[in-house]
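Here is what each chain is made of, one letter per residue.
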Amino acid sequence: MIRTNLWQAASIIMGASLFVSGAKAESISADPEFDPQKLEAIEAIVDGLYEDGLIPNYVVDIQRRGETIYHIERGKTQIGSGQNVNNQTIYAIASMTKPIVSTAVLRLIQEGKLQLDDPLSKYLPEFESMLVAPGGSLSSMFEEAATPITVRHLLTHTSGFTYPPEVLGVGEVAQQYNEVGVLATSSMNEFTELLAQLPLVAQPGETFNYSVSVDVLGAIIEQVTGENLGDYLKETIFEPLGMTDTAFEVLDKDRDRFARIYAPSTPNNPAPFFEDEPIQWQISETVYFGRGFDQMGRRGAWDSGGGGLYSTVDDFQRYASMVANFGELEGTRVLDEDFAKLHFEDLMPGLGLEAFRAAFGEAASSMKFGGGYGIRMKDDGSGSADYYFWGGAANTFFWVDADDGITGTFFTHIAPIRYNLIDQIEEIIDEAREQ
Amino acid sequence: MRPSFYWSLAILLSLALTTCEVFGDQYSNTKEVRDELKGILDPLVDDGLLPGYYASVYDRDGLVIEVASGAASELEGLKPSSNVIYSMMSMSKPIVSFAVLRLVDAGLLRLDQPVKEFIPEMRQLSVVEDGDLDNPVVPLERDISVRDLLTHTAGFTYSEDIVGREEVAKIYAELEIFAIDKRFQSELGDLSAHVDALLQLPLVAQPGEKFIYSVSIDVLGRLIEVVTERPLDQALRNLVLEPLGMSDTTFLVPEEKYNRLAAMYEPRLATYPIPGRFARYQPYKTLPQGIKNFAQGSVGYFSGGGGLASTAADYEKFLRAIVFGQREGLLSDEMREQFFRNQLPPALGSKGLLYNFGPRALNTAFSYGFGIRLKPEGSPDLAGDHDYYFWAGAANTQFWIDRKNGRFGLFLAQHMPTQYDRARELVSASRKLMAE
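Same order as they appear, the protein sequences are chains A and B.
Read left to right, the first sequence gives residues 1 to 435 (my numbering).
Read left to right, the second sequence gives residues 1 to 436 (my numbering).
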C-alpha cells in the first residue's frame, strides 16, 4: 500500500515537473466563426520549431477587436531557467518600432505640424543637398540628388538611405555607415549630421532600400515637438493606449520578464545541456548587435525610431488593434480614420516590381509599402492586399488582416529573423474561418 | 588452356561490371527509398535554403541511389553530380587520419608514441586549464601522443574564428593560426610555421582530459611531413589518394577543373521580415576577388584539418576502403577495425562531444577522424550499441556509414557554416532498403 502511494505521489510530482518543463498554455475563444480544430495547426508549426530546439519560446496571439481568437505560449525567458513566457514577457521588438514611429508621424501630419511631401531639409537643413552613389558603389560616378528627400520617402524606405551591411545595407556605402559609426553616435544631432555627409545609395523616390529612414523620422519628430522621441511616443501613443510595458528601455524591476536572445549554436557557443531535458537545444544565448543580455534594455544615447523599443504581446496587440480599427481603441482615438488609413495605403504607387527586387528578391512581386507598413499582396493576382505587417530582427512579427482587421503576433527571441510564419498562420486562420 | 582461362576471367569481369552498372537492382524498393531521400533533401532547395545538393547511398557493390537538385554553382549553371568538386573542410580529417594509421601500420609511428619525438618543439608546451589566462601555467601531466592528436584530446583548440571557445582561442585568432580565410596566402607561412606558432601557446586542457575539437589534425599533417620527409600534399598522394585512385582530391584545384568546382555560399540573413519564399543564401563573400571556393587560386598552408577538395566519386572510394577494405595491403584489417571502435578516454563516456557540439552530440563517441552515433543509452565500447558512423565538414558536406547493413552515403552542398545536418534522416531512410 505504502509503496503504491509513493509511486502515485512520485508520478504526480514527475507529471507536474514535466508540465513545467514543457509549460504550455493555450486558450481558444468560443468564437463560432473559427473552427478550433483547424486553428490547432498553428500549434503544430510552432511546436515543431520548439521541440526541435530551434526557438527558445513562443507566444502566438490572434485577436479581433480585443477579443482572443487563438492564443498559445510555450517556453521560458531563458532556456533552463527563467519565467514561462506569456503576453507580459518583454521582447526586443527591434524594427517593429518603425510602424509605431510612423503612426506618430501620421499624427503630426494630421495636426498640420508636418506634410507628407515636406522636404526633410525643412526640419533638418543638413540634408539640403545630397549626393547619390548609385548602388552604394564608391567607385561609381556620384550624382546629385535629383529631388529632395521627403517625409513620404522616409515612411516608405525610398529616401536612398541604407543600413550597415549586417542589416542588408547596400554596397560600400553600407560599410561607411559602420566605419563612421552612424548608429553608434552619442546624440540624435550627431547622428543626422554624420548621416548627411554620406552619399545616398539611390535617387530619392526610386527604390526601396531598407534603411535608417525611420531613425531620421524620429529626428524630425524631436525637431518638430521639441521633445525626445521616447517621451513623445509615451504621451501620444503608449499612455493613451495603456501600453505600460513599451519603452526604449527595460526597467530593472521588469528584467525578470525580459526574454534573452538566442542564435543557432556553433561549436564555440554550443547549446546548453540539461539532464532530463526532453528538448535537444540547437540554439545558444547570443550577443545581439554587440550587446549581451546585461547591456540589453539599457537606454541608448538617443532613442532609435528604427529599432529601439521593447514591448510585450499585450501591449503590441493594443497598438495593432488601434491601427486595425483605423485609429481608435476602446474609445481612445489616437488618429483620425483618414490618417490611420495611410498606414495601409500604397504611398509610392509609381514603384514597380524592380524597385522592390533588391530588397525582397522573389517576394518583390507581392510587396507594396504603406505608411510604415509592409503590404503583402494576395497571390491571386487580384491586386488587393492580404495583410499589413512588419517584424523585428529578433524574430517578432505582427500583422493586420486586410479583410477583417484580425491582428496577429508571433514572438520568439532568435536573431536574426529566421522564422517568418505569417503566411502560414494567416492561411490557417483563413481556412478556419471558411467554416 | 591459358587463353580460355583469360577468356572466362574477362567474362566474369564484364559480368561484375554489368551488375555494378545496373545499380540498386538488388533492392525491391530502390525507387521508394530514393523518393524518401528526395523528400528529406529537396525542401532545402525548394524552400530557398541551399542552391543545390548532391546525395548518394552506396553498398558493397557500388552506387545504390543518387539524388541531386538545384545548382552547385548558380552563376555558371553547374549541376551537382558525382564529379563536382567540393571543399570538404573537416571531412579532410578522416583522410589524414587514414594516412597516419598507414604510417603506424608501416611501423614508422606508434599510436602511444610521444609526438615530441618527431616535433621537438612540443617539449615547450604547458597548460592553462580551460584556456583561461587567469589560471596558472602548469606543466603537462604526460606527453601528447599520436592517439591524442587523432582524437582531439591533446589539449589544443581551434581559433575563435572557427570553433574555439576559450580565451586562448582568441590568441589563435589574433595570430591567424590555422585561420580558414588565410588558406590562400598566409603571412604566418607554411604548415610548419603554423605549428611553430601554435606550440608557443599553452594548451587549454591536459592531454587526455577533454575532447576539444581542434587543430590537432593539422598538427598530424605536420607529423606526416616530418615522418615521410615530404610536403603534406605529396605525402597524402602517396599514402592515400593515389593508391585509392582519388585523382580529384587535392589542396589546390588545378585550373582545368575550375568548371567542375562548386561555388561556396553563406547564409543570407534577413534582418527584416521578407514574406513568403526567398533565397536564404548568397555567394560566400570573404573569398578573394574572382575566387568561387576555397582550394582555388593558391595555397597558403596545407591544412590537414580542413584543406582538401574532393568529389563524391573520390570520397566514395575513400569510404569504401574504410568500410570494406577492398584494397589489399593499404591498411591492415586490424588497423581498419580501429575506425569502428571508440577511441576516446573512458572517462568521457558518451558525452565527450557535448563540449563543442551541444546536446545534439549526446550519445556520441569518436574513433579516428569521425564520430560514432550510439543507440539511445548505448555504450561507446560495445560495437552492437553503435548506430552509425559519421562526420561532416564546415561547408555542409556529410558522410555516414551504416556498417551493420554494409552501406554508406554522402550529402554534399557548399554552405558555410553547416546549417543542414540530415545524417540521421538519411541513415534511417537508407535502412528501409529491402533486399530482393
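These are calculated hints, taken from the structure and not from any lab test.
Mixed in with the good hints, there may be bad ones.
Restricting the straight-line Cα-Cα distance to at most 30 Å, the calculated cross-link-like pairs of lysine-lysine (DSBU-like) are [to be verified]:
no.: 1; chain 1: B; residue 1: K351; chain 2: A; residue 2: K76
no.: 2; chain 1: B; residue 1: K38; chain 2: B; residue 2: K375
no.: 3; chain 1: B; residue 1: K116; chain 2: B; residue 2: K79
no.: 4; chain 1: B; residue 1: K79; chain 2: A; residue 2: K38
no.: 5; chain 1: B; residue 1: K38; chain 2: B; residue 2: K292
To give a feel for the contact side, a few chain B residues facing chain A, derived at Cβ under 7 Å [unchecked claim]:
no.: 6; residue: L49
no.: 7; residue: G62
no.: 8; residue: G70
no.: 9; residue: Y213
no.: 10; residue: Y272
no.: 11; residue: I274
no.: 12; residue: P275
no.: 13; residue: A279
no.: 14; residue: P283
no.: 15; residue: P359
These numbers come from a predicted model, not from an experiment.
Even for Gly, the Cβ is constructed at its ideal location relative to N, Cα and C.
Status of the hints after comparison with the structure:
no., hint, in the structure
1, B:K351 / A:K76, "holds (26 Å)"
2, B:K38 / B:K375, "holds (25 Å)"
3, B:K116 / B:K79, "violated (47 Å)"
4, B:K79 / A:K38, "violated (41 Å)"
5, B:K38 / B:K292, "holds (27 Å)"
6, L49, "violated (10 Å)"
7, G62, "violated (35 Å)"
8, G70, "violated (14 Å)"
9, Y213, "holds (6 Å)"
10, Y272, "holds (5 Å)"
11, I274, "holds (5 Å)"
12, P275, "holds (5 Å)"
13, A279, "holds (6 Å)"
14, P283, "violated (14 Å)"
15, P359, "holds (4 Å)"
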